[in-house]
Amino acid sequence: MDIKQLLQGIDCACGKKHTCPIDFVAVERGAAKHLETLCRKQNTLLIVADENTFLAAGEATLSALNGKNIKKVIFPGDSILIPNEDAVAAVNAQLSGAEKIIGIGSGVIQDLCKYVSHESGIPYCIVATAPSMDGYASTGAAMIMGGMKVTYPAGLPEAILADPAVLKDAPMEMIRAGYGDIVGKYSALNDWLLSREVNGEYFCQTIYDLTFDMVKQTLALAKGLMNRDEESVRVLMEALVVVGIAMSFAGSSRPASGSEHHLSHFFEITGIVHGKDYFPHGIDVAYSTIETARLREEILKNAFPDTQYRPTREEYVQEMNRLYGSVADGCIALQDKVGLYKKDMLSIYKAREENIRAILADMPTAQQIEEMLAAAGYDKAEFYALYGEEKIRDAILYAKELKDRYTVLWLYYDLFGGK
Numbered sequence: 104m105d106i107k108q109l110l111q112g113i114d115c116a117c118g119k120k121h122t123c124p125i126d127f128v129a130v131e132r133g134a135a136k137h138l139e140t141l142c143r144k145q146n147t148l149l150i151v152a153d154e155n156t157f158l159a160a161g162e163a164t165l166s167a168l169n170g171k172n173i174k175k176v177i178f179p180g181d182s183i184l185i186p187n188e189d190a191v192a193a194v195n196a197q198l199s200g201a202e203k204i205i206g207i208g209s210g211v212i213q214d215l216c217k218y219v220s221h222e223s224g225i226p227y228c229i230v231a232t233a234p235s236m237d238g239y240a241s242t243g244a245a246m247i248m249g250g251m252k253v254t255y256p257a258g259l260p261e262a263i264l265a266d267p268a269v270l271k272d273a274p275m276e277m278i279r280a281g282y283g284d285i286v287g288k289y290s291a292l293n294d295w296l297l298s299r300e301v302n303g304e305y306f307c308q309t310i311y312d313l314t315f316d317m318v319k320q321t322l323a324l325a326k327g328l329m330n331r332d333e334e335s336v337r338v339l340m341e342a343l344v345v346v347g348i349a350m351s352f353a354g355s356s357r358p359a360s361g362s363e364h365h366l367s368h369f370f371e372i373t374g375i376v377h378g379k380d381y382f383p384h385g386i387d388v389a390y391s392t393i394e395t396a397r398l399r400e401e402i403l404k405n406a407f408p409d410t411q412y413r414p415t416r417e418e419y420v421q422e423m424n425r426l427y428g429s430v431a432d433g434c435i436a437l438q439d440k441v442g443l444y445k446k447d448m449l450s451i452y453k454a455r456e457e458n459i460r461a462i463l464a465d466m467p468t469a470q471q472i473e474e475m476l477a478a479a480g481y482d483k484a485e486f487y488a489l490y491g492e493e494k495i496r497d498a499i500l501y502a503k504e505l506k507d508r509y510t511v512l513w514l515y516y517d518l519f520g521g522k
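Okay, so the sequence shown: first residue is 104 according to the numbering used here, each after it adds one.
It is worth saying that the hints were derived from the structure and are not from the lab.
Glycine residues also receive a C-beta, built at the ideal position from the N, C-alpha and C atoms.
Careful, some of the hints might be misleading.
Unchecked claim - Calculated cross-link-like contacts (lysine-lysine; reagent style DSSO-like; alpha-carbon spacing at most 30 Å):
(1) Lys107 with Lys120
(2) Lys440 with Lys119
(3) Lys379 with Lys483
(4) Lys326 with Lys120
(5) Lys319 with Lys379
(6) Lys379 with Lys453
(7) Lys120 with Lys171
(8) Lys404 with Lys319
(9) Lys119 with Lys171
(10) Lys136 with Lys175
(11) Lys119 with Lys379
(12) Lys483 with Lys440
(13) Lys379 with Lys404
(14) Lys483 with Lys453
(15) Lys119 with Lys136
(16) Lys453 with Lys107
(17) Lys119 with Lys107
(18) Lys404 with Lys326
(19) Lys379 with Lys446
(20) Lys174 with Lys119
(21) Lys144 with Lys174
(22) Lys494 with Lys483
(23) Lys445 with Lys483
(24) Lys119 with Lys144
(25) Lys319 with Lys175
(26) Lys446 with Lys483
As the list claims (entries may be wrong) - Label pairs and their calculated CB-CB ranges:
(27) Arg416 with Glu333: 24 to 34 Å
(28) Gly354 with Ser166: 54 to 64 Å
(29) Arg455 with Gln197: 47 to 57 Å
(30) Gln471 with Asp126: 31 to 41 Å
(31) Arg413 with Gln108: 34 to 44 Å
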């Protein structure tokens with residue numbers, strides 16, 4: 104896929120003009136050298152990194168910025184960096200006088216820079232250090248504010264610079280996470296089709312096909328990625344960037360984030376709230392894709408019931424407090440606003456059952472997803488060992504509370520949530 108051509112935009116058959124206003128993308132050896140040109144008009148730059156990412160690409164970044172006034176925010180590398188109010192405050196404390204932000208890192212660093220850039224109006228570039236997620240070219244900043252996972256509207260980087268020689272040396276867990284994040288698009292795209300059928304949600308076949316092409320391309324990379332093959336890592340990184348562009352085209356993360364991401368967010372948020380371990384985002388997305396595929400199979404095996412499942416308000420609030428603790432009120436308020444709990448969904452499902460079943464069936468099975476992931480070193484046993492069946496069941500029923508997006512989690516809950 105020609106990224107440069109995509110960045111020029113598409114006059115689409117869906118009736119929209121799709122754009123992604125990123126000035127420059129380089130996935131190549133020595134990519135950081137382009138900062139010299141990209142920052143030629145600025146004198147004071149703020150570098151945001153952690154100790155590990157700065158070790159990976161800091162020297163190349165500083166070399167390209169030789170002669171500039173450099174400020175730095177370097178987070179500790181021995182703990183998980185959470186993109187919350189404290190992290191934002193640490194960046195803002197060094198922001199005065201900066202004319203451009205240079206992020207060195209991947210998911211969390213990217214989100215921090217994206218958020219601060221949007222809030223301050225100061226542009227940013229990202230020097231990628233891992234092919235671990237698809238948000239490099241997307242407009243949303245995934246933050247944790249007030250304990251809640253919130254995706255804020257945010258601007259795009261001026262440039263994405265990724266050196267495959269750096270990327271291939273990222274922790275293997277992060278390389279596997281990028282692969283898993285792409286495999287998760289099977290679930291996200293199926294959810295998009297489902298919501299179009301159920302809710303009449305906007306859908307674009309061009310964006311769908313663009314994202315799906317990246318899935319097919321990535322599946323061939325598993326062996327090379329496990330061997331840290333530089334070309335395989337380069338192709339994965341380009342696929343992640345293209346999926347981000349697809350999200351920018353859509354104006355939301357819908358093409359790339361569905362029920363599998365909701366489960367991942369559940370494990371992350373409840374882990375933070377209750378002080379429990381959780382996997383990196385892409386790893387959780389990958390394993391959660393197996394679970395959402397299994398849900399689709401379960402729905403297909405059963406007749407649609409004659410009544411829609413709904414707990415009492417008291418039961419619902421009790422479950423929210425048990426699972427989400429200090430952020431339960433935020434979840435409840437969000438779903439009160441969304442209003443799906445008050446809606447008669449069953450009549451819609453019954454009227455469109457044939458099409459709904461066809462959509463659910465048009466996806467790899469849970470076993471096939473598991474095999475795709477096994478090729479990149481995934482073993483579902485570790486997923487169950489960390490979370491256990493009860494927590495995974497809780498996620499299936501209540502991960503949907505974290506977002507205002509319709510997915511197969513709502514369909515399953517409406518039909519079989521009480522069983």
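- Would you mind confirming whether the straight-line C-alpha gap from Lys319 to Lys175 stays at or under 30 Å? Roughly 40 Å separates the two Cα atoms, so the pair is violated.
- If you draw a straight line from the CA of Lys446 to the CA of Lys483, is it 30 Å or shorter? Distance of about 36 Å is beyond 30 Å: violated.
- Check the following: the C-beta atoms of Arg455 and Gln197 are separated by a distance inside 47 to 57 Å. holds, 53 Å
- Message: With the threshold set at 30 Å, check whether the alpha-carbon distance from Lys379 to Lys483 stays at or below it.
- Response: It holds: about 19 Å lies between the C-alpha atoms, which stays within 30 Å.
- Query: Holds or violated: Lys453 with Lys107, Cα cutoff 30 Å?
  - Reply: violated, 45 Å
- Query: Holds or violated: are the alpha carbons of Lys174 and Lys119 at most 30 Å from each other?
  - Reply: violated, 41 Å
- Consistency of beta-carbon spacing, Glu333 to Arg416, with hint 24 to 34 Å: violated, 56 Å
- Task: Just tell me: holds or violated, for the beta carbon distance of Gln471 and Asp126 against 31 to 41 Å?
- Result: Between Gln471 and Asp126, where Cβ atoms are some 39 Å apart, the hint holds.
- Item | 30 Å Cα cutoff - pair Lys483, Lys440 | violated, 36 Å
- Message: Given the hinted pair Lys144 and Lys174, is their Cα-Cα distance within 30 Å?
- Response: holds, 16 Å
- Query: Taking 30 Å as the top limit, are the C-alpha atoms of Lys483 and Lys453 close enough?
  - Reply: Between Lys483 and Lys453 the Cα gap is close to 34 Å, so the pair fails against 30 Å, i.e. violated.
- Keeping to a limit of 30 Å between CA atoms, is the pair of Lys494 and Lys483 held or broken? holds, 15 Å
In summary, the numbered hints that this structure violates are 4, 5, 6, 7, 9, 11, 12, 13, 14, 15, 16, 18, 19, 20, 23, 24, 25, 26, 27, 28 and 31.
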